[in-house]
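Participant: Residue numbers (the working numbering), protein chains in the order written: chain A, 1 to 172; chain H, 173 to 274.
These aren't lab readings, by the way, just hints derived from the structure by calculation. Each hint should be verified, as a subset may be incorrect.
Unchecked claim - In silico DSSO-like pairs for lysine-lysine, Cα to Cα no more than 30 Å straight-line: (1) K271/H x K31/A; (2) K268/H x K31/A; (3) K273/H x K169/A; (4) K268/H x K169/A; (5) K169/A x K271/H.
Said to hold, decoys possible - One-sided excerpt, in silico: chain A residues whose CB lies under 7 Å from chain H: (6) F13; (7) L21; (8) L50; (9) L59; (10) L74; (11) E98; (12) A114; (13) G121; (14) A125; (15) P128; (16) L133; (17) L138; (18) V141; (19) L142; (20) A164.
No residue lacks a Cβ here, since even glycine has one placed at the ideal position from N, Cα and C.
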Amino acid sequence: MEIALAVPPDAVFIVLTTITLLAAILALQAKELIYGAIALGISFIGIAGLFILLDAPYLAMLQIAIYVGAVVVLILFTIMLVRREVGEEVVERGERGEGAAGLWIAGLLAVSIAGLAALAGPNLASTPPAGVLSVSELGPVLVTDYPVPLVILALLLSAALLGALMLAKVER
Amino acid sequence: MVALVSYIIVSAALLGIGIYGLSVKRNAIRILFAVEIIVNAANINFAAFTRYLNPPNVSGQVIVFYSIAASAMEAAVGLALILVAFRVNSSIDVRKMDKLKG
Numbered sequence: 001m002e003i004a005l006a007v008p009p010d011a012v013f014i015v016l017t018t019i020t021l022l023a024a025i026l027a028l029q030a031k032e033l034i035y036g037a038i039a040l041g042i043s044f045i046g047i048a049g050l051f052i053l054l055d056a057p058y059l060a061m062l063q064i065a066i067y068v069g070a071v072v073v074l075i076l077f078t079i080m081l082v083r084r085e086v087g088e089e090v091v092e093r094g095e096r097g098e099g100a101a102g103l104w105i106a107g108l109l110a111v112s113i114a115g116l117a118a119l120a121g122p123n124l125a126s127t128p129p130a131g132v133l134s135v136s137e138l139g140p141v142l143v144t145d146y147p148v149p150l151v152i153l154a155l156l157l158s159a160a161l162l163g164a165l166m167l168a169k170v171e172r
Numbered sequence: 173m174v175a176l177v178s179y180i181i182v183s184a185a186l187l188g189i190g191i192y193g194l195s196v197k198r199n200a201i202r203i204l205f206a207v208e209i210i211v212n213a214a215n216i217n218f219a220a221f222t223r224y225l226n227p228p229n230v231s232g233q234v235i236v237f238y239s240i241a242a243s244a245m246e247a248a249v250g251l252a253l254i255l256v257a258f259r260v261n262s263s264i265d266v267r268k269m270d271k272l273k274g
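Next comes chain H alone, as it looks inside the complex (with noise of 0.2 Å):
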């Protein structure tokens, strides 16, 4: 069978993944992507932790109902936000969004 190990090694892996994304990459809609990896790494690790306690219990997995819904909305203002900041600066780059800089 699979140890819980595996899943937490699993979500830490994606983890790093995303935090590179988010540290490293200019365009908006990919910082996006890096996000939700990170969302997901951590709705991994609840859905192992809620498996693996004896006996197993359903809360974790409705945590993980709410951090789906949650990141669903933040995906759709995200991607509003990002239509807004194209049409005000004519570009997605992050490091070109310095219109508030004094």
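So that you can see chain A by itself, here it is in the shape it has in the complex (with noise of 0.2 Å):
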């Protein structure tokens, strides 16, 4: 689907990503749990965005639907379930020491992924290729090419679901 902009796409590049790796950083960093989740419903939002960038509004609206309508609700609901007894957050003491490794192995990886990146920039595609991605060539992909994945996600989808019930049913 093609989406006219009626700004240039490297500048809403940057602030998309730039609005999900903050948000992603809060969602770890803040305070108060609570305000963790918003941050990170925010940086849902974002990747939404770097979808449609993508040619991908299915994706996108997917991302919003499930992750920001249902993941990040689930979350709020089970912060308000258990602070509601323990009255404060996790106290996190002892982090400054792990913090410190944590960082190293974390800025280790990514830079080490981003450099490969980089080193392989020149063979990469700097532009997209011509030709675009529809919704509607999704719909046969999925039920022709990937059937079987299709139905082992039902039924592991409802495994789930009655597992999830099954674990956090009080027994009395």
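Build the complex: two chains, separate frames, hints provided.
Facilitator: Next up, the structure:
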């Protein structure tokens, strides 16, 4: 689906990336868990924007409906259920020393992947090839090329639903 | 236009943020946040690579579709587990979950 943008895609990409990354950091570092959950939702919305830039409006819709609409709301409910009795968020003591080590591991990994990608940069496409991905192509591929994963996914979804219900049930 | 490398770098940054949260955080719900961020980093890669194929192909989008559904149920089961752990332990600090330790 071709979406006419009034602003150049580069600017949109930079803005979306900044929002996504900052919100993801805030989701992990926010003092209040509830603000962290909201920041996670904002980060997911930014990723939905990236999907729109990548000609995947269906995925963007799915991202907003499932992640922002279901997962984040579920997390908010759980935070409310858990926090009511604790009163305060889990005190994250002892994270100082581990923080530096975690930062090193994560930074090294991210920088090495990004560096490899940048090294391969000249061989990678700098502009998306002509041709447009349309939503109508997705359906036939989903049911003709990948029917078995679809059925397994349906079974797995019902199993997960039942499992979550069984786990959360209060026995008396 | 945006180059493919840009998407990979964004994805790598998100992966780094997620791994940091996974290795440092003690709150079970925060660890779930980190897992979701990592899954999303992978999804961006799939969507980007499938768009930059010549000619473009929707297979990557199908995989992202499955991935989103799978991570939604992972969140549901994970949150149910956190609720049970809270009921048993009255804490969601993962370092205090040592009931199985001998």
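Participant: It remains to establish, for every hint, whether it holds in the given structure.
Facilitator: Each hint, compared with the structure:
1. Pair hint K271/H plus K31/A holds up; C-alpha atoms about 28 Å apart against a cutoff of 30 Å.
2. Annotation: proposed proximity of K268/H to K31/A holds, straight-line Cα distance about 20 Å (limit 30 Å).
3. Between K273/H and K169/A the alpha-carbon distance is near 26 Å, which keeps this suggested pair within the 30 Å criterion.
4. Between K268/H and K169/A, the direct Cα distance comes to roughly 23 Å. Compliance with the 30 Å bound is thereby established for this hinted pair.
5. A distance of roughly 21 Å separates the Cα atoms of K169/A and K271/H; the hinted pair therefore holds under the 30 Å criterion.
6. With a cut of 7 Å, the hint placing F13/A at the interface with chain H holds, because the nearest CB-to-CB distance is about 5 Å.
7. A hinted interface residue such as L21/A counts as satisfied when its beta carbon comes closer than 7 Å to some beta carbon of chain H; here the least separation is about 6 Å, so the hint holds.
8. Proximity of L50/A to chain H holds as hinted, the smallest CB-CB distance being about 6 Å (cut-off 7 Å).
9. The restraint placing L59/A at the interface with chain H holds, with a minimum CB-CB distance near 5 Å, inside the 7 Å limit.
10. Satisfaction of the interface hint for L74/A is found here, the shortest Cβ-Cβ separation to chain H being roughly 6 Å, below the 7 Å cut-off.
11. Residue-level restraint check for E98/A holds (minimum Cβ-Cβ distance to chain H is 5 Å; threshold 7 Å).
12. Taking 7 Å as the C-beta contact cut-off toward chain H, the hint placing A114/A at the interface holds, the least distance being around 4 Å.
13. Hint status for G121/A relative to chain H: holds, with the closest Cβ pair at about 5 Å, below 7 Å.
14. About 4 Å separates the beta-carbon of A125/A from the nearest beta-carbon of chain H, less than 7 Å, and the hint is met.
15. Taking 7 Å as the C-beta cut-off, the interface hint given for P128/A holds, the closest approach to chain H being about 6 Å.
16. Taking 7 Å as the C-beta cut-off, the interface hint given for L133/A holds, the closest approach to chain H being about 5 Å.
17. The beta carbon of L138/A comes within 5 Å of a beta carbon in chain H, closer than 7 Å, and the hint placing it at the interface holds.
18. With a cut of 7 Å, the hint placing V141/A at the interface with chain H holds, because the nearest CB-to-CB distance is about 5 Å.
19. Interface hint status for L142/A: upheld, as the beta-carbon distance to the closest one in chain H is roughly 6 Å, under 7 Å.
20. For the restraint placing A164/A at the interface with chain H, the shortest Cβ-Cβ distance is roughly 4 Å, inside the 7 Å limit, so the hint holds.
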